[in-house]
Amino acid sequence: MYPVDTHHHLPPAQGLYDPKNEHDACGVGFVANINGSPSHEIVLNGLQILENLVHRGACGCDTETGDGAGLLIQIPHKFFAREATQLGFTLPSPGEYGIAMCFLPVDQQQRLSCEGVLERLTKEEGLSALGWRDAPVEVNAIGRMARASQPYIEQFFVARPAGMSQDAFERKLYVVRKRAEAKIAASDLRDRSFFYIPSFSSRTIVYKGLLLAHQIGAFYNELLDPDTESALCMVHQRFSTNTFPTWQLAHPFRFISHNGEINTVRGNVNWMNARQLILSSPYFEDIKALLPIIQPGVSDSAALDNAVELLVMAGRSLPHAMAMLIPEAWDADSTMPDEKQAFYEYHASLMEPWDGPAAVAFTDGRMIGATLDRNGLRPARYLVTKDGLLLMASEAGVLPIAPEDVEFKGRLQPGKMLLVDLQQGRIVPDEEIKRDLASRHPYRQWLTENQITLDNLPEPGRVMTTEHETIICRQRAFGYSDEDLRFLIAPMAVDGQEAVGAMGTDTPLACLSDRPQSLFNYFKQLFAQVTNPPIDPIREEMVMSLTSYIGTERNILDETPQHCHTLKLPHPILTNRDLEKLRRVSQGDFLAATLSMLFRVEEGEDGLKRALNQLCRRASLSVRNGYTLLILSDRGIDEEYAPIPSLLALTAVHNHLIREGTRTQVALILESGEAREIMHFSLLIGYGASAVNPYLAIETLESMARRGELPSHVTFDKALKNYKKAINKGLLKIFSKMGISTLQSYRGAQCFEAIGLNRELVDEYFTGTPSRIEGVGLAVLAKEAASKHEFAFRRVLDFDTELAVGGQYQYRINGEYHLHNPDTVSKLQHAVRQNSFETFAEHSRLIDEQSKNLATLRGLMELKAAAHPIPLEEVEPASEIVKRFATGAMSFGSISKEAHEALAIAMNRIGGRSNTGEGGEDEARFVQLPNGDSKRSSVKQVASGRFGVTANYLVNADELQIKIAQGAKPGEGGQLPGHKVDKEIARVRHSIPGVGLISPPPHHDIYSIEDLAQLIFDLKNVNPSARISVKLVAEVGVGTVAAGVAKAHADVILISGHDGGTGASPLTSIKHAGIPWELGLAETQQVLVMNDLRSRVRLQTDGKLATGRDVVIAALLGAEEFGFATAPLVALGCIMMRKCHLNTCPVGIATQNPELRKKFTGAPEHVINFFFFIAQEVRQWMAKLGFRKMDEMIGRVDMIEMKTVIDHWKARGLDFSAILHNPQVPGRVGRRCLIKQDHGLADALDFKLMELAKDALDHEHGAEFSMPIRNVHRTVGAMLSGEIARRYGSKGLPEDTIKVRFSGSAGQSFGAFLAPGVTLMLEGDANDYVGKGLSGGTIIVYPPKTSPFLPENNILIGNTVLYGATSGQAYFNGVAGERFAVRNSGAVAIVEGLGDHGCEYMTNGIVVVLGATGRNFAAGMSGGLAYVFDEDGQFQETRCNKAGVDLEMLFDPKDIEELRGLIEQHVEYTGSPRGKWILENWTQMLPRFVKVFPHEYKRVLGIVRSDDQVKIAPQLAASQKSASAAQRGTH
Amino acid sequence: MAKLTGFLEYHREMPPRRPVIERVNDWFEVYQDFPTDKLQQQAARCMDCGVPFCHTGCPVNNLIPDWNDFAWKGKWKEAIRTLHSTNNFPEFTGRTCPAPCEAACVLGINEPAVTIKLIENSIIEKAFELGYVVPEPPASRTGKKVAIVGSGPAGLAAAQQLNRAGHYVTVIEKNDRIGGLLRYGIPDFKLEKWVVDRRLDQLQAEGIEFKTNVTVGVDIDATHLLKHFDAVLLAVGAEQHRDIQIPGRELGGIHFAMDYLTQQNKRGAGDEIPAEEEILASGKHVVIVGGGDTGADCLGTAHRQKALSVRQIQIHPMPPEIRAEHTPWPMWPVMLRMEPAHEEGGIREWSALTTHFSGDENGNVKKLHGIRVGPKPLLAPVAGSEFSIDADLVLIAIGFSGPKRAGIIDSLNLELDSSGNAKTDERYMTSAPGVFSAGDMRRGQSIIVWAIAEGRKAAHHIDRFLMGGASSLPC
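Sequences listed follow chains A and B, in order.
Each residue of the first sequence is one higher than the one before, starting from 1438 at the first, in the working numbering.
Each residue of the second sequence is one higher than the one before, starting from 4 at the first, in the working numbering.
No wet-lab data here; the hints were simulated from the structure.
You may find that some hints are simply not true.
As the list claims (entries may be wrong) - Within a straight-line C-alpha distance of at most 30 Å, the following computed BS3-like cross-link-like pairs (lysine-lysine) qualify:
id	chain 1	residue 1	chain 2	residue 2
1	A	Lys-2162	B	Lys-76
2	A	Lys-2320	A	Lys-2621
3	A	Lys-2158	B	Lys-41
4	B	Lys-80	A	Lys-2595
Claimed, not checked - These stretches of chain B come out as covered by chain A in the derived footprint (C-beta under 8 Å, 3 or more residues):
id	stretch
5	45 to 56
6	122 to 130
7	213 to 220
Stated by the list, open to error - Ranges between beta-carbon positions, derived for each pair:
id	chain 1	residue 1	chain 2	residue 2	range
8	B	Leu-339	A	Pro-2314	25 to 31 Å
9	B	Ser-434	A	Glu-2592	45 to 51 Å
10	A	Gln-2271	B	Pro-19	48 to 54 Å
The beta carbon of each residue, even a glycine, is placed where N, CA and C say it ideally should be.
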């Protein structure tokens, strides 16, 4: 459909689409004969695994073309020997030859040319070619799109020279391949993009392609040949976000298959590129022949494979390479042996981790294994059979294996490795692998002798101190505003954390602002959504790290004590003393040079440019002279010299040294007066700084303390400590938003998008950073610096404010412009109250006509009037248009009952949609009122907290919205402080009054795109008539994510702007995360149209929409529906107090205080008036533009042009052509929603259940039946539960009315949302998400009675079991994976062991664990109870996160009775041997039980904590706590 | 960040006014002192709004939430600095401003608004008390000279700003004392004159030169100024009285309110008033025509002069006691306002149109005759509703229609706008190059805070004009 780029068959970048943004995730697995004996069965098993993982893949608009699938096996010698003979050449013995699997141009001429290159290079490297073989493929087995891009597939056989070891031969083949890749990429062959070598090895061979899993065997039919034998088979099924998947990007790669995403890939690749120039290895004479190590433009997985390959080829073992690239979370693990910690620390000095969710299977043909990322964010289950077969896959149950044959079932744990050594014929345990690695060298000794820390550097003679006399001048020069002090710095100094704000942002983008901005403000943070999860840096602190190792990097292919001659920094913020220590360092190689980053301000752009060039030259010189630390300093400004924006100075040097090839020889340190807020530090580090000394911020703290601007108890020392703490915490939060856990990986990863910087500037100084609408360059940056400089050196009178007022966070008439200002707010309120369209039109004029005050991108757009406007009365009526409107997701809890219900009533009256938000909904609202009104929110949101998400909640909806992110704080969770959780809110949210509630940053059942598909499927099962929408936030690449979401079968995709008005969000997030919806929506529309996915989904957008013109622009850019939140609230009386998080809303909207709620004067009519005004304006525009129906305007971007009349000193450089790009596609490709998604419900097992339970459903008669189950049966029980809820409401059926006995391996989401009255019994095992959202039903799982193993030692159920369960019971006779009972708010469960993060964020219910738990148990748990059998004392010692819970002995007879009763029940249901044993030895066992009792729960129950006797009155403690919680915010 | 829940804990409270019986016997200010702790509680009521609507009400852009916060915390130095950064003379506005900010206060939506004006006044008084208000002469002089004609609040604000920017400033006043309307227009019971003198001491100490008893256009030629000064700012006010042309207007005892008020202020300052010029209410039936602030000032003055009776009549119907529906928050509300003077007695007549006066044989007014006019149709006379009231002294307080034409305007041949005010471009420059205008003269009669705002803005533009483009003065 598109012209493809030269490399990967992806369309070239166009409009807002950029192939760089492609993501994938998938199903992965392998099977192996542990004893190493090859067999054809193994290959067949592999093929079958693939087929059973089909649901983890995806297909695009062409249902026969998958996103890619493949497998890797040992070279099947028997088969190839036979084939070779037929082709007229003879193969030597196994291992004596290698095979290149080749993808070649279809065109014969070009193919021959490629073959020639390969042959020639083979010869050049001293090898001899044996022959070629056309791989016979069955083209009819694959889809239309796959055929269109199918390469010619051949195999090339090369002989191993006599006397050459097999390892050396492998290296030769590697060199040949790398050289061939480089050569052909540089050639002028037209179809060079077809050339690709999936594998070239004497051990392994890869078969892959743009296939669906089941097509592999049919396509490569040699795989079905009985002679095709292997001892191992690694398989992969891909689900990519895009629909431009390619043959080459299918997995496996040469060594790995990957399920997950490398979030830091941009940084990793940059650093690899930087360090490849100092590579050397005795194994390679000319290592330059291997460059580039990372093939340009490949996927994150392929890049990782390139890195693995290099390390292995240069002599490291495969497990060693994996442990280096994807290390465990070692630095905070106090239980880890010191040797192993030293191993990891040593390697941390060598290179940064490749960070992100990852289940990686790896093999070199002799061993096969898998490893999991440090946080265990992907599932990986395995089993070992009695006859020596090892099977590992993303799911259990992918091969039918008789229970009695299973010797052991396990799961891969975070950071751990599973390895089979086929030569030794055994499984090597993780401890042994790591022990072997750790004992390779005396790493600890090396570290002790070589590593430097700040503490052991000598005290400097002189330390810079605060210059109080000049501080104001310098604050002015660096652009400090009064708000910076009050809103940003003071809260950090006082509370040790960043302040929270509310109601989003409505100030102009930096590139539109009339005021001088800091360069930092032109950047927006990227964040993880859908394709990988953000992390919770507070509750899952153990995986996070701010430690970094700086200094000269060395050849990573070597391993010497010198390699850890680094400076270890615990965090990146340097005090003045720290910096002086570094400035004067003279230990080993460490030597620091200070380079000035000032420029002569009167020389403007030229001066700035000259200063940057000089800075780069001096940096080069310093490197040549052996300096290893470069301190870039902006101290010393005066009347002549102004500071270069620190970020610009940094990136200039960083990129200059990268280009020069010397970047890894030095560390860059900033001595900056400019850096003060968290965003500044994250940008500096994200663009390569090792550490920052924010000297002026530090001086400001001292000055504030001295001037009494901080509370008296906050001394300067305390303030500085708190400030550093706040910055560090904030940094972790920003990393975690991207799903990155370590500073080492974040550094240089450039997780930002620029808005409004021109290409020239970005290419030169921010290479690789997306910046899509052009904008300002050096000239404007110089002017902004000059303007601040002029203000600085003007005399400060007592009649003058010392600093500019700011006005970013609060409106100030002489500060920054706000769209919601006194004029617009009051006009809107007057209009809706007086029902005056004229007044509303005045309001709209103020917002739409931005000629004076530019504020938004759409303000710069012009609508093209039609040549023939149509009469207004021919335009479709407003009553039709308002049906496209929705109100935003605001929870009952964040806003008052009165406000929430007024919105619902209004939207129901006009046929629009209101949204519950994430707080559940009172069931009483599901019933229509006598006057015909309804308070039922038609959109029910499903957010990460899953508050009140029951089967009954889900069936009472027309739309189910999965909130992936929200505009004001994408990538973050939230919390509702205990004092806001009153009785009613607690009831609706299924929690305990007074107990605080946390929404985790990620949905714990969505770590990847295929997980999202699963959740969509779950929800669709419960409520087949509801449409499923997915809420995303605009950022670069959101279009690609949306394509994945469309393929995951969402019906609606909502693209939210960055400016959304969430009630509580850290200021950094409000201001600096996400981008305007204009960009996100346009990108989404373009990518979906290009993929022909647009016709399957409806698009919605929101983000400070306020006028009819806003709606029209959104429609023309591609939206069918429109969300509004701030404006309807203003209509109801909101006056943008921006204090929603403080519960003091003076107009009764964002408050639960009964006194304040009385002040609410809003009415549904106000909201209705507002929406009809909007619709009326839309109609007026439609008439002008010549549209009769809104459908006609969707996606008509050709009707928009950029305003030419505005000549603004910054905006004049902007260019919207990317936003206004209209992809050229054939007429048959839809540009709006035209067809319904096929959700694939027809095959649901539940239809059978419902049929068998018909009597029970109709008449509440008991029903009991049995059936087999397989992993492809997903979400079993949900549709049945939805039906029960629909008929019987939340109370469901009487207990055990419907009993179903299953046997086999259940697919994902077994028993999801199970309703009361249903009992599911499963003999076998189950995958992830068992009992998700359990709503009152009972789930019982036990291993097959014929299984020989002990249940308590074996994995039984997958990850994230009972997530968001609200009631019901669950009995598990075996071990669960990670995150058991996460966010449980009412279920009672018993299990015999579990993985990390058990009971995380739990708020109610009871969990009994009869075996070992993983780490971080009870993190963020605020309510409910857990009883844990702590057999070895390790639970209390190291495994429980005690930050929020007390661990107690069981004294209370009631507790003891409860526990015993549950275990008895468990034994009765499952026959648990362990349960029996405990009961039989009850008196000895009881003392080993630990009661896990959350502090908050205790407080609410009025129990004084034993270690906390000082706080006698619980009420007092409560009020104190809530006051401080109020500062932290809510959601 | 102000006190989070202050608005829930404290109620609006103003300092008590002195008993009427006491205050009508003197000319001192009406309000009593207010304890500092109470004042701070009042400041704590400020909600530190995300969108402080009080800003829209305030012509000088006072940073109200910011200094409320400082006042709450007792940080008087920071408070006065912030207050002074937008307003040269908070002691004048703090006493006399009608406080549109309070009408727009967000708390005012459903509770009595924050006492912004009281807090403003308290901050500046604290600042004087604590010695924070000191002369701030410029560090260096630019050598440029500016003449400012008129010494009312606009002229004085401009003078202080321009002087601080380093220009030599000369203020020329036609009266014998500096202060314009502050001095002679506002009665002592609202603004005691030592308050003006106190500020003038500072201005003088900062190096501003004052020339009194000089009427430009009479004593010196306006064009002459242009030769001696680099820029001229005209801030002579809007002194062209609006009059009522009805039968009997020529009778004795009918005066313009401003003449009456000025005379009392001179008397208060110890000046002798020649008997033939005296306008006194003592023992008379006084009728004030016009319902505005000036009328209220006349009312209070007449009571203090021991009038026999005082009536204030105005043509408009009586406004509602609460905010009229067509002026919703945050607009300036149409509503019945009770000035302290109204507490002191007198009768307010609404919907009354004066038709003519009748007098005695000496040609002095004796009666005012009028007719009631309807709210519906608005201002239409109601047949048969004629009335007459005794009137020995009639004070006309129905406003002004721009600056007096004679003198400066004529001699410089300045262009006027459609309302008869001096026409300027957006830089406040009149049709005469180098001649600027500000205050009532430019925008028509208005309140003091507008005069200060205009003076400051004009100063900014004059500074730019003098310095070639850039100004260090805030706009």
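Now the hints, each set against the structure:
Note on A:Lys-2162 and B:Lys-76: the hinted pairing holds, with a Cα-Cα distance of about 27 Å set against a maximum of 30 Å. With a C-alpha separation of about 22 Å, the suggested pair A:Lys-2320 and A:Lys-2621 falls inside the 30 Å cut-off, and the hint holds. For a cut-off of 30 Å, the pair hint linking A:Lys-2158 to B:Lys-41 is broken: about 37 Å separates their Cα positions. Between the alpha carbons of B:Lys-80 and A:Lys-2595 the distance comes to roughly 39 Å, so the proposed pair goes past 30 Å and is violated.
With 7 residues bearing a CB less than 8 Å from a CB of chain A, the stretch 45 to 56 of chain B meets the requirement of three and the coverage assertion stands. With 0 residues having a Cβ less than 8 Å from any Cβ of chain A, the stretch 122 to 130 of chain B misses the three-residue criterion, and the hint is violated. Judged by the Cβ-Cβ criterion of 8 Å, the stretch 213 to 220 of chain B is not covered by chain A as claimed, because only 0 of its residues qualify and three are needed. At about 45 Å, the beta-carbon gap between B:Leu-339 and A:Pro-2314 misses the expected band of 25 to 31 Å.
One distance hint, 45 to 51 Å for the beta-carbon pair B:Ser-434 and A:Glu-2592, is violated here, with the actual separation near 59 Å. Distance hint check for A:Gln-2271 and B:Pro-19: the Cβ-Cβ separation is about 39 Å, which falls outside the suggested range of 48 to 54 Å.
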